[in-house]
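Novice: Let the hints inform the model, and build the full structure from the sequences given.
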Amino acid sequence: MKRRTFALFSATALVAAAAAGCSSSSSTPAASSATGPGSASFGVNATGTVQFWARTVSKTLAQKLVSEFNASHSNLKVKLTLTSINDDTTSLATSIRAGDPPDVDGLNDIDMPTFTRNGSFLDLTKAIAKLPYASALSPGHVGLGTYQGKEYGVPYWADLSVLWYNKNLFKQAGLNPDDPPTTYAQILSDAQKINKLGHGINGFTFAGDCQGCLGFTVQPGIWAAHSYLTTGAIGSQTATITGNTALMQALTLYQEMWSQHLVPDNVRTDDGPTWGQDFVAGKIGIMPGGYGQVENLATSAQLGSEFADAPLPGATGDYSTFDGGDDFAIPAAAKNPSGAWEFITWVMQEQQQEQYPGLGATPIRTDLLTPAFSAAHPLDAVPLKALGHGYAPVTLIYNQAFNEASGPWFQMFTTAVYDGNMNLALQQGQSGFTQLLQQAAA
Amino acid sequence: MITDESGPRDSTVPRARPVKPSPSWPAALLRGGSLGARRARTGMILVSPAFALVAVFVLFPLGFAVYISLTDWPLIGPYHFTGGRNYTELIHDPVFIHSVVFTLLYTAIVTGPILVLGYAMAAFVRANRPGSVVFRTAFFLPFIVGLATESFMLLLELQPDSGVVDAVLGKLGLASVSTAWTVHYDLALGVICVFVVWFASGLTMMILMGGMQGIPGDLYEAANVDGATWWQKERRITIPMLRRNIALSLIISVIGSFLAFNQFYILTQGGPGTSTEPIVMWIYQEAFIAYHLGYATAGAIALVVVVAIISAAQFFLLRDDDTPRPRRRG
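Chains A and B are the protein sequences, given in the same order. Mind the numbering: the first sequence is residues 1 to 442 in our numbering, read in order. Mind the numbering: the second sequence is residues 1 to 330 in our numbering, read in order.
The hints are simulated quantities; they were obtained by calculation from the structure and are not laboratory data. Treat the hints with caution; some may be incorrect.
Each pair of labels, with its calculated beta carbon distance range [as the list claims (entries may be wrong)]:
#: 1; chain 1: B; residue 1: V164; chain 2: A; residue 2: K77; range: 49 to 55 Å
#: 2; chain 1: B; residue 1: P113; chain 2: A; residue 2: G388; range: 41 to 47 Å
#: 3; chain 1: B; residue 1: I251; chain 2: A; residue 2: H199; range: 35 to 41 Å
#: 4; chain 1: A; residue 1: A98; chain 2: B; residue 2: A123; range: 49 to 55 Å
#: 5; chain 1: A; residue 1: K150; chain 2: B; residue 2: S176; range: 37 to 43 Å
#: 6; chain 1: B; residue 1: A120; chain 2: A; residue 2: T238; range: 54 to 60 Å
#: 7; chain 1: B; residue 1: I251; chain 2: A; residue 2: A98; range: 35 to 41 Å
#: 8; chain 1: A; residue 1: S189; chain 2: B; residue 2: L141; range: 49 to 55 Å
#: 9; chain 1: A; residue 1: N75; chain 2: B; residue 2: G83; range: 51 to 57 Å
#: 10; chain 1: B; residue 1: I215; chain 2: A; residue 2: A98; range: 36 to 42 Å
#: 11; chain 1: B; residue 1: V164; chain 2: A; residue 2: N75; range: 54 to 60 Å
#: 12; chain 1: B; residue 1: L318; chain 2: A; residue 2: T434; range: 48 to 54 Å
Where a beta carbon is used, it is the ideal one built from N, C-alpha and C, also for glycine.
Specialist: Following this line, the structure appears as structure tokens:
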């Protein structure tokens, strides 16, 4: 009897599991064409509630925007739910599978391709085309939200990488504090001069055990030379590591910083949480980092007078930035897509965007870089200027390849920078990236 | 066992009736059939709520997980039944195999010291001497505070040039003040093992101390009369009497080591490379970084099976010999 009962329960469980699994694979209905993104009424005078999920990393910004939107809209209310900074994809996927997703999600832009390629989001191409500033939207954010020519996302906020430097230390080392480095050679020579100041002062710093931080700050130098580590469309991408001169130059710069002791010894174990604290403590000459990172850590008196930022240069000039931050996306099964689009377009308006600098974020529209903006927010004008030159890799393997200790990006960095073996590093990188790309395409 | 024959045999006295169930019992279910059958039914009714909970919260998810492990379940989007392909790939996946070998190595390193240190601490604090409570608290505290919190604290203290570990070892001349513990395989494994032994031996101490305090004092008094030494008393009385407690603490400790995640995730992130990546972290990476949920679930099912086998083996090896076993007839 006991065994029979157990078998019955087990069989029931498996049948239920199979049924649940089958039902979750069915596609979700898209908004009808009469009220969908192509219609004139989409995003206009919507009513009801908009469920907005945002990552905790944009908490301050999200709370302020939602509170102001709700205060100025009587028929449409936005309800904010904060999701984990790194596990937001799991929450979103679960809600989509359950058929109860938010109306708008602020998704880490790098994770967009995971969702766009299987129809999880509403196709916003027609709605975006109607925006007067469509061509001014952050190219990296839009690129990550585009799949097979259709646009599934628009930028929510930009978290961009820049080159921070300490003006006081520049002066003490006999350098011009208004002339930040614009090539790798200048970065190295400036760091060497500042390092000579001694007394615990180092020329340069980086988070040497934080894979994501390195991807955020080292790659723009490579992109500045119009070189990329993966190329091709999703599904048929290839790795371009061996023979990549711009990559070799970037790794060589960091290897020299390490071997010449121009960085503190503990950068080797800095895995992120303490990144930038040495810079804000006034002990570092130059630090590639995020705009919001230093804006949040430093006092307002230090910003501009002691700390200033410049675009992240490539080896021989030009510059780029990592188009980080989040994209807005409307899940295909959202209950109030029109309300969601009304909220999104309200956020993208100039009035809201101009609040971004004070909240540690960069606006997502390049057309907002006016002389008035530069005068009011000189430090945020630097990343906003770089936004038009920005990029973010559109690939399904970003997290695996760049954000993990076991990923090929960090293995390559470690071998090249700490072990000083460039040839082996490039071979490891080529085979590691190729393997991941093949797995993702399978 | 009480049967119908247990009543008085004198036929002039009415036979004792079975105990009447309270009126709230569903009488229909208990009516009819022999007492044995009724008792079995009562038993079924009594355990059915617990069984229903187990079915909903254990059997169903487990069955569902087995099903997921037989598919190419992605984070989002359609999936396909792939049969045993995930399991075939698993045994050919060098990263998974490495995580299994690493987990076995880690378990082999920490299990003995946790037991020995836990036993030593239990022996030290078992008597109700002044100060015992203070030591018990101090020894058990690491377990109470929690592995994740302590891992973060350790991470800060392991920082070269700023952490207390390098500062102290540097002063003693045992290590360089800029030793980067968490980025070298040997150093990372060593420091995590020491840390975990410190963390987990408190629980072993509590389990063993409870057992020690339950051993009758007469045994030790008799041993004292016979002139037994401290070691003889431990070996001949304490350890044999603690068999069950030792078995329990070993099983908890081994399962804990097999399921290790926090300390590695926080301190090394599995690095350098994947050298310090235990099985659970491999599962996490595959599921939530690579989004291969079907494949990761296959790894999780494999882990469940391995842990079940190891626990069963430990139960078998450390079973109570007092239980009489049927002799084989020759």
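Novice: Work down the list of hints and note, for each, if the structure agrees.
Specialist: Structure-based check of each hint:
For the pair V164 of chain B and K77 of chain A, the beta carbons lie near 51 Å from each other, so the given range of 49 to 55 Å is met. Here the CB-CB span from P113 of chain B to G388 of chain A is close to 59 Å, at odds with the stated 41 to 47 Å. For the pair I251 of chain B and H199 of chain A, the supplied restraint of 35 to 41 Å is violated, since their beta-carbon distance comes to about 56 Å. Distance hint check for A98 of chain A and A123 of chain B: the Cβ-Cβ separation is about 54 Å, which falls inside the suggested range of 49 to 55 Å.
In this structure, K150 of chain A and S176 of chain B break the distance hint of 37 to 43 Å, their C-beta atoms being roughly 56 Å apart. For the hinted restraint 54 to 60 Å between A120 of chain B and T238 of chain A, the CB-CB distance of approximately 59 Å keeps it satisfied. The supplied range of 35 to 41 Å is met by I251 of chain B and A98 of chain A, whose beta-carbon atoms lie about 37 Å from each other. For the hinted restraint 49 to 55 Å between S189 of chain A and L141 of chain B, the CB-CB distance of approximately 53 Å keeps it satisfied.
About 53 Å separates the C-beta atoms of N75 of chain A and G83 of chain B, a value consistent with the hinted range of 51 to 57 Å. Checked against the hint of 36 to 42 Å, the C-beta distance between I215 of chain B and A98 of chain A comes to roughly 54 Å, which is inconsistent with it. Against the hinted window of 54 to 60 Å, the Cβ-Cβ separation of V164 of chain B and N75 of chain A comes to about 59 Å, which satisfies the hint. The beta-carbon spacing between L318 of chain B and T434 of chain A, approximately 49 Å, falls within the hinted interval of 48 to 54 Å.
This entry does not satisfy hints 2, 3, 5, 10, going by the numbered hints stated previously.
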